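Engineer: Sequence:
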Amino acid sequence: MVNRLIFWTTFGLVTRAWQLGLEMRPIISRRTLWIYPVYGGVGASFGYWLQGVDERQTEVLAERKKAIMEKRARRAAREGSGASDAPAIPVPAVVAAKQEA
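Residues in the sequence shown are numbered consecutively from 104, following our numbering.
Incorrect hints may have been included.
[To be verified] Pairwise CB distance ranges, derived in the manner of DEER restraints:
1) Gln154 to Val117: 15 to 23 Å
2) Arg133 to Ala165: 44 to 52 Å
3) Tyr139 to Thr161: 54 to 62 Å
4) Ala165 to Pro140: 32 to 40 Å
5) Val163 to Leu125: 34 to 42 Å
6) Gly155 to Ile131: 32 to 40 Å
7) Met104 to Ala170: 45 to 53 Å
8) Val117 to Val163: 29 to 37 Å
9) Trp137 to Arg107: 19 to 27 Å
10) Ala176 to Thr118: 44 to 52 Å
11) Trp152 to Val117: 13 to 21 Å
12) Phe149 to Ala170: 13 to 21 Å
These aren't lab readings, by the way, just hints derived from the structure by calculation.
Remember, predicted model here, so these are calculated numbers, not experimental data.
Using N, Cα and C, we set each Cβ at its ideal position, and we do this for glycine too.
Whenever a hint applies, use it, and build me the whole structure from the sequences.
Structural biologist: Structural data, given as structure tokens:
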């Protein structure tokens, strides 16, 4: 988590330096020196938010994967026991009627 915060803080600082470079203004001057911590803080807060998004998405994906694996296990157990004579893939009535004829 710390590496993401450091990256986005650096990204914010580089963004400010790039902005001043595009404007052809001095990168370090006494009047504009106070804004660098602001850009760094904005970058760090974005990185912190992004870390939370990543953790939430990872949690949702893990839960979904677990549900899918449980569903597959139940299906394999059902098909393996031979409890059902129905095909694994349901056949539409139109196709089934043509096969009987």
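Engineer: Work down the list of hints and note, for each, if the structure agrees.
Structural biologist: Here is what the structure says about each hint:
Distance hint check: the CB atoms of Gln154 and Val117 are about 19 Å apart, consistent with the given range 15 to 23 Å. For Arg133 and Ala165, the hinted distance range of 44 to 52 Å is satisfied, since their beta carbons lie about 51 Å from each other. Separated by about 33 Å at the C-beta atoms, Tyr139 and Thr161 break the suggested range of 54 to 62 Å. With their beta carbons about 37 Å apart, Ala165 and Pro140 fall inside the hinted range of 32 to 40 Å.
Hint check: Val163 to Leu125, Cβ distance near 39 Å, so the stated range 34 to 42 Å holds. For the pair Gly155 and Ile131, the supplied restraint of 32 to 40 Å holds, since their beta-carbon distance comes to about 33 Å. A C-beta distance of roughly 27 Å is found between Met104 and Ala170, which places it outside the suggested range of 45 to 53 Å. For Val117 and Val163, the Cβ-Cβ distance of about 32 Å falls inside the hinted range of 29 to 37 Å, so the restraint holds.
Distance hint check for Trp137 and Arg107: the Cβ-Cβ separation is about 25 Å, which falls inside the suggested range of 19 to 27 Å. Distance hint check: the CB atoms of Ala176 and Thr118 are about 49 Å apart, consistent with the given range 44 to 52 Å. Separation of Trp152 from Val117 is about 19 Å and conforms to the stated range, judged on CB atoms against 13 to 21 Å. The given range of 13 to 21 Å is broken by Phe149 and Ala170, whose C-beta atoms sit roughly 32 Å from each other.
Hint violations for this structure: numbers 3, 7 and 12, all remaining hints satisfied.
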